[in-house]
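Asker: First to last, the protein sequences are chains A and B. Residue 2 is where the first sequence starts when you use our numbering, and the numbers rise one by one after that. Residue 770 is where the second sequence starts when you use our numbering, and the numbers rise one by one after that.
To be clear, the hints were calculated from the coordinates, so they are not data collected in a lab. Just so you know, even glycine gets a beta-carbon here, dropped at the ideal spot from N, CA and C. Don't take every hint at face value.
[What the hints assert, rightly or not] Using 20 Å as the maximum straight-line C-alpha spacing, the simulated DMTMM-like pairs for lysine to aspartate or glutamate come out as follows: (1) A:K85 <-> A:E135; (2) A:K101 <-> A:E111; (3) B:K823 <-> A:E156; (4) A:K58 <-> B:E821.
[What the hints assert, rightly or not] Some chain A residues near chain B, calculated using beta-carbon distances under 10 Å: (5) L76; (6) G97; (7) T140; (8) C143; (9) I147; (10) D152; (11) W155.
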Amino acid sequence: MSTPKKILVYIDGTEQSVTAAQYGICLSSFYDAELMALYVINTRAMEDLLRARIFLKDEQVEYEHDMESDAQRYLNYVDELARKKGVSVTTKSTRGSVHKEIVNTIKEDEVDLLVIGELSRIRSRRDEFYDEAERAMRTAPCSVLIVKDEDSVWEMYESLT
Amino acid sequence: MALIELVQEKIVKTPLESKDKPDVLRELVQILRDAQEIDDFDAILTAVQDREDKQSTGLQDGIAVPHGKTTAVTRLKLAIGIAPQGIDFDSLDGVPSKLFFLLVAPPELAGPHVEALAEIAKLAQSKAFCKALANAENAQEVVELLKGD
């Protein structure tokens, strides 16, 4: 069995995704693997909200702008976390449906390990409730690592020289 | 961040006491204050009212989704209110609103905010489920319905 050559971390602005990034940085260092961080601006959800009339057109534009700023901020933060540990990370921001964009990136960039943050601990049986990371986990064509226990991940990240 | 994680009994109120739109907005924000989820009542109410001033978030079939961005919170905050008799909320179809989902978020969590609103939008499409929610007798029943227990 070979070790991962290219690791993708999905970042969505949650604390769980930042913990996943720290874990990805550690894995990249341990295995000397390439590391990518991806943020997806969820334009699909915004279109759904506009169609449902929950969003106004100018509100959609405003939130899209906010998400672009979020993408840059969180990806810069991951880059900073990686640089502190001497790890190089390629950052990427795309737009569309989150799980589809993750799958596209995995295929296009030949990623062999997807790292995501902890999923919701509460599982609703209602189909309307899902989180995008969970969808990505189910549809990813490569192995998926779900990162838990932020304290121990932080310790591992901090101990990285 | 899944919306379901925000659902708990203390952020659900049924029945709501308000009779009109300004009061129901205050009552929904008060739910969050009573649940000790927020500190700055006025800032949150202003954010939600400002959005309502542009166009009502009263959708079709008795559902309303008042929402707003504010630096007065650091995480997503959800309050659910149910008015079985309906409250005039200037909704698109003129039908009084029975189900209220209030969602507020800080500006830097636009992604999770949008995803949570999208989940509510999907939920609103199920008329049978919304009817069951509107007829729930107490907060516990609302939580059980939403979590599918």
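Asker: Next, verify each hint and record whether it holds.
Answerer: Cross-check of the supplied hints:
1. For a cut-off of 20 Å, the pair hint linking K85 of chain A to E135 of chain A is broken: about 30 Å separates their Cα positions.
2. The hinted pair formed by K101 of chain A and E111 of chain A meets the criterion: a straight-line CA distance of about 15 Å does not exceed 20 Å.
3. With a C-alpha separation of about 48 Å, the suggested pairing of K823 of chain B with E156 of chain A is violated against the 20 Å cut-off.
4. Pair hint K58 of chain A plus E821 of chain B holds up; C-alpha atoms about 14 Å apart against a cutoff of 20 Å.
5. With 10 Å as the threshold, the beta carbon of L76 of chain A stays out of range of chain B, its nearest partner Cβ sitting at about 12 Å, so the hint is violated.
6. Here the hint on G97 of chain A is broken, as its CB sits about 13 Å from the closest CB of chain B, past 10 Å.
7. Evaluation of the T140 of chain A hint against chain B yields a violated restraint, the C-beta minimum of about 16 Å exceeding 10 Å.
8. For C143 of chain A, the interface hint is violated, since its Cβ never comes within 10 Å of a Cβ in chain B; the closest pair sits about 23 Å apart.
9. A least Cβ separation of about 14 Å between I147 of chain A and chain B goes past the 10 Å threshold, and the interface hint is therefore violated.
10. Of the supplied interface hints, the one on D152 of chain A is violated, with its beta-carbon coming no nearer than about 19 Å to a beta-carbon of chain B, more than 10 Å.
11. A distance limit of 10 Å between C-beta atoms decides the matter here; for W155 of chain A the minimum to chain B is near 19 Å, and the interface restraint is violated.
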